[in-house]
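Residue numbers (my numbering), protein chains in the order written: chain R, 1 to 186; chain S, 1 to 372; chain E, 1 to 489.
Hints listed in this document are in silico derivations from the structure and should not be mistaken for laboratory results. Be aware that a few hints might be false.
[Claimed, not checked] Capping the alpha-carbon separation at 27 Å, the derived lysine-lysine pairs in DSS-like fashion look like this:
1) S:Lys156 / S:Lys79
2) E:Lys266 / E:Lys218
3) E:Lys351 / E:Lys266
4) E:Lys344 / E:Lys38
5) E:Lys80 / E:Lys57
6) E:Lys181 / E:Lys163
7) E:Lys133 / R:Lys181
8) R:Lys183 / E:Lys133
9) R:Lys152 / E:Lys211
10) E:Lys398 / E:Lys280
11) E:Lys128 / R:Lys183
12) R:Lys155 / E:Lys211
13) E:Lys38 / E:Lys120
14) E:Lys80 / E:Lys54
15) E:Lys398 / E:Lys325
16) R:Lys183 / R:Lys152
17) E:Lys128 / R:Lys181
18) E:Lys344 / E:Lys398
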Amino acid sequence: MISVKKVDNRPLNWLERIYLPEIARGLAVTLRHFFVNLFNPKGMPTVQYPEQQLELPHAAKTRTRHRLKLRADNSPKCVACFMCQTACPAYCIRIEAAEYPDNAVEKYPAVFDIDLARCVMCGMCVEACPEDAIAMDTLEIPGGEQDRARLKLTKEDLLRNLPGEPSVVGAANRLANEYLKSKGGA
Amino acid sequence: MTEFYAANSDLILFAGAAAFKTLVFLNGVMGFTALLTLAERKVSALMQDRIGPNRASLFGLALNGLFHPVADGIKMVMKEDFVPGRAEKLLFTLAPFFALVPVLALFSVIPFGDYVMVFGYQLDLQIADVPLGLFLVLALSGLAIYGVFLGGWSAKNNFALLGALRGAAQMISYEVVLGLTLVGLLMIFGSASLQDIVRAQGRLLFGWLPAWGVVYQPFAFILFLVAAVAENKRTPFDLVEGESEIIGYFMEYSSMRFAAFMFSEFVEIILISMLASTLFFGGWQVPYLYESGFILPGGKALALNHYLVALLQVGAFSAKTVFFSWFLLVVRWTLPRFRFDQLMGLCWKRLLPLALLNILVTGAVMLALGKV
Amino acid sequence: MPKLTIDGKTLEVAKGTTVLEAAQQLGVHVPRYCYHPKLSVSGNCRMCLVEVEKSPKLLTACSTEAAEGMVVHTATEKVKAARRDVLEYLLLNHPLDCPVCDQAGECGLQDYYMEHSRAKSRFPAEDKVRRQKRRPLGPHLVLDNERCILCTRCVRFCAEVTKTAELEVMERGDRSFIDLKEGRALDNGYSLNIADVCPVGAWTSRDFRFKQRVWFLKKTPTVCLGCATGCLTEVHHNEGAIYRVMPRPNAETNTWLCDAGRMVYKAVQAGDRLAKGVIKNGLIELEPALRETASRIDENHAAAAVLGSPWLSVEDNAALARLAKDALKTENFSFDFNAEQGIKDGILINKDPAPNAAGARRVKAACGGLSFGELAAKVASGAVKVLVTEARAAALLKNELKAGGARLIVFAANRSEIPQGAYATLPYANYFETPGTFVNFQGLERRTVPAVAAPEGVRPLWAMVNRLAVYSGTSLHLDSAEAALKGIL
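Using the sequences and the hints, build the whole thing.
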């Protein structure tokens with residue numbers, strides 16, 4: 001249903017037609033803002049972004065810079081299934097898979113690049129991940145850079161666990177958990 | 001040679017003084033223009049609950065954006081200076097000068113103070129006291145149309161040409177009103193020299209009211225302000241070139257040529273402010289301040305040093321200029337734009353008859369009072 | 001000719017046709033795992049259960065012969081429930097390691113689960129039967145017994161197609177698993193077909209392993225150039241790189257594809273791919289190489305010879321013929337190749353390893369020229385001073401070249417192809433990169449379709465011949481592959 005707003009297009013009356021009182025009214029509005037802000041700059045809503053940051057609202061916390069989670073033995077949880085690359089609407093993820101010789105998980109990402117210059121921070125990669133390996137909860141908001149290359153995150157940039165990571169074992173991957181157990185991990 | 005100097009010492013002194021005054025005054029105006037570009041952004045920001053530019057910094061010192069005019073200038077110089085292949089090269093190059101030079105030349109006739117005695121030499125605080133100063137103002141401001149029209153035409157771009165046509169139509173129309181609003185003043189003060197007009201405004205009416213132009217001609221002042229803003233091509237009359245929405249006559253210009261057009265717009269703001277204060281608000285006059293000091297209507301007197309008086313007068317003129325400049329910025333960020341038919345209708349159907357009526361009424365009153 | 005009704009539609013089929021095949025003729029897809037049109041019917045997966053009126057139980061469509069008056073329903077509630085239950089049963093012990101499994105995306109379990117079941121597993125993960133994972137078997141394959149659903153397609157393939165029977169189902173019941181017979185190796189030359197027929201991720205290709213997810217792959221239908229059989233294939237590629245070659249089953253030539261044929265693509269993206277000219281083992285830019293080659297040919301204008309190649313397409317052979325006839329104006333050219341042809345092993349591999357001897361003979365039929373023996377004799381005698389040919393064809397004249405001492409100018413796609421003693425080598429775009437017509441041993445004309453782009457600066461061979469002729473001062477007007485073909489096919 002289209003909402004309709006009736007506009008009252010009545011003709012201007014005499015006072016309005018000579019503009020001057022209306023101009024004065026307009027000036028009163030703008031001048032009020034001007035002087036209020038001039039003498040009380042703290043009242044303005046502007047946030048001086050990089051120096052001053054608001055706390056992110058709940059959902060936005062999970063739309064910050066990506067990270068790749070680690071297992072207890074510091075191997076990436078990621079098994080290079082390419083689900084995030086497939087789901088990514090901005091084509092910003094590039095993965096090259098490789099094979100572990102011993103680890104029962106068999107597959108791991110040899111290359112895992114995220115191009116933040118392309119990323120739209122939609123979080124589809126996190127949704128798609130079947131291994132709970134990628135997250136966007138670092139609370140870092142990627143900003144501008146002088147050089148495109150610096151917006152490219154490699155696997156090394158991405159791999160990190162947050163302090164007090166809820167679980168480094170007990171991931172979706174049964175084989176990984178068993179492998180860690182056999183290695184004597186927690 | 002010495003004979004030549006001896007015989008022409010007056011002339012040489014006059015020329016030297018004029019050159020000095022030009023240097024100081026124009027540099028002051030230019031500096032103020034640069035600050036005005038920042039002021040425009042700051043004023044609009046404050047009116048819109050924003051902070052405005054505050055990032056350009058020198059040695060880590062931002063000073064709330066004071067260096068932005070410098071940054072803008074450097075950026076403008078660094079940009080590619082582009083000339084379209086089909087443009088009329090000569091006129092394309094000349095157009096920015098046509099926009100800027102007449103406006104700058106106008107400052108020569110504006111009195112920014114009375115006079116100062118320097119080592120016994122009377123230094124008039126005006127670059128050139130032209131007897132027909134007011135007509136020179138109208139004549140030179142008419143030349144600025146060439147900047148608009150040549151800029152738009154020589155680029156050989158259809159949109160620029162349309163912008164130039166709009167600009168020429170608008171400027172010529174409002175030029176008429178601008179001239180007519182000043183006729184009343186000419187009649188009252190009986191002189192076209194701006195210094196004479198300012199001096200005449202030093203008198204008092206009824207013993208207490210300063211005899212400023214706005215007191216004689218309040219109506220003409222409003223008409224003058226409207227026509228002058230239109231002449232300046234700024235909102236609400238910015239149909240010639242409307243920043244983000246309307247492509248204008250200097251669309252093919254880049255780098256410093258573009259900057260010249262933008263700069264001339266800001267210089268014009270100062271010019272309008274100075275003209276308004278000179279013609280209607282007493283110029284450098286401070287109420288009740290005379291050559292010897294303050295003499296209040298009650299008869300109380302406060303003797304002041306000659307230099308202090310000159311300083312107060314120049315200060316008063318500067319303050320009035322700054323106020324009107326600020327007022328013009330506020331007006332620009334308050335009013336929405338006119339449609340082009342409204343713009344033309346306002347000029348020819350409202351302002352022009354009113355200006356003519358103002359002349360008639362002024363003449364009738366003067367006749368009635370027997371001042372002719 | 002029994003007449004039967006499937007889902008309300010009646011049709012008549014040949015005697016011996018199964019219900020599943022009859023449904024296929026009607027365009028009704030009956031889900032299946034163990035059934036394969038080219039293998040014997042096994043009937044063990046139970047996925048193809050359909051309801052037949054007057055039959056007390058559901059029947060397997062793959063093993064039930066169509067009979068007169070049969071009324072079949074493939075979409076009743078009973079059938080749907082049966083499919084759900086069969087899937088639940090097949091997935092009981094499945095490890096669900098799809099993220100690491102290469103079959104994901106073309107997996108029968110995934111497809112049918114989404115289509116027919118979508119039920120949550122009621123079986124606790126701890127109780128699942130465990131089996132050996134990741135076990136390389138043979139030169140090309142990896143076996144993951146945990147993913148296996150025991151459809152025995154692989155066992156039947158080895159028993160019936162290659163007749164080598166290396167594989168067998170070991171043990172019984174829920175302990176059964178697929179394994180090699182003792183003392184055998186899975187190296188029958190067709191082993192990669194096992195990865196194709198496997199409906200799940202139990203058998204996967206080692207060459208393709210973890211290279212690319214299948215849903216990224218684009219498919220280009222083309223022709224195998226591994227031998228004169230000329231099997232129809234499908235090249236799977238993505239972003240300019242080929243990842244695997246699969247068979248394109250057809251009635252004339254092939255259902256399967258041999259392991260050697262699947263590896264032909266490797267040369268395309270091998271590290272020794274030529275993008276520049278080679279003069280006496282030194283790489284130089286293409287233009288100077290062409291100029292040098294042209295001047296060497298011009299030096300011995302009268303004593304130059306051209307040999308076509310059974311490895312080149314008809315277009316490129318025709319371009320070489322034009323070079324000999326119109327640019328060099330010589331009679332010393334041959335497109336006569338008579339290697340013995342025919343299926344060597346009873347399945348696919350041909351006695352003639354070159355794909356286009358028949359095509360070259362068509363060029364001979366149109367343009368004439370010497371027989372291969374006559375040209376060989378001229379080369380051996382030293383009457384030929386410059387020989388222009390393709391790298392692998394030059395090997396056919398190895399001894400004659402040594403004896404006659406002619407200067408050898410070859411076209412080669414890879415550096416490893418360049419024969420010993422070649423004076424100049426020019427690169428050309430191979431047939432994964434440019435279209436070409438090939439004639440297989442049955443006389444069937446087949447065109448390759450380019451799947452990827454040639455390395456920068458590398459053109460098809462006919463275009464290189466055109467340039468060469470221009471440097472020699474003749475224009476052959478070979479502006480397209482069609483221009484080269486004119487008057488040949």
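Comparing the hints with the structure gives:
1. S:Lys156 / S:Lys79: Holds, at roughly 21 Å.
2. E:Lys266 / E:Lys218: Holds, at roughly 17 Å.
3. E:Lys351 / E:Lys266: 22 Å, holds
4. E:Lys344 / E:Lys38: 21 Å, holds
5. E:Lys80 / E:Lys57: With Cα atoms ~14 Å apart, Lys80 of chain E and Lys57 of chain E stay inside 27 Å; holds.
6. E:Lys181 / E:Lys163: 14 Å, holds
7. E:Lys133 / R:Lys181: 18 Å, holds
8. R:Lys183 / E:Lys133: 18 Å, holds
9. R:Lys152 / E:Lys211: Within the cut-off at roughly 22 Å; holds.
10. E:Lys398 / E:Lys280: Distance ~17 Å between Lys398 of chain E and Lys280 of chain E Cα, so the pair holds.
11. E:Lys128 / R:Lys183: 22 Å, holds
12. R:Lys155 / E:Lys211: The given pair, whose Cα atoms are some 18 Å apart, holds under the 27 Å limit.
13. E:Lys38 / E:Lys120: Judged against 27 Å, a Cα distance of about 34 Å means the pair is violated.
14. E:Lys80 / E:Lys54: Holds, because 18 Å separates the two Cα atoms, which is no more than 27 Å.
15. E:Lys398 / E:Lys325: Holds, at about 24 Å.
16. R:Lys183 / R:Lys152: 34 Å, violated
17. E:Lys128 / R:Lys181: Holds. Lys128 of chain E to Lys181 of chain R sits at ~19 Å (cutoff 27 Å).
18. E:Lys344 / E:Lys398: 25 Å, holds
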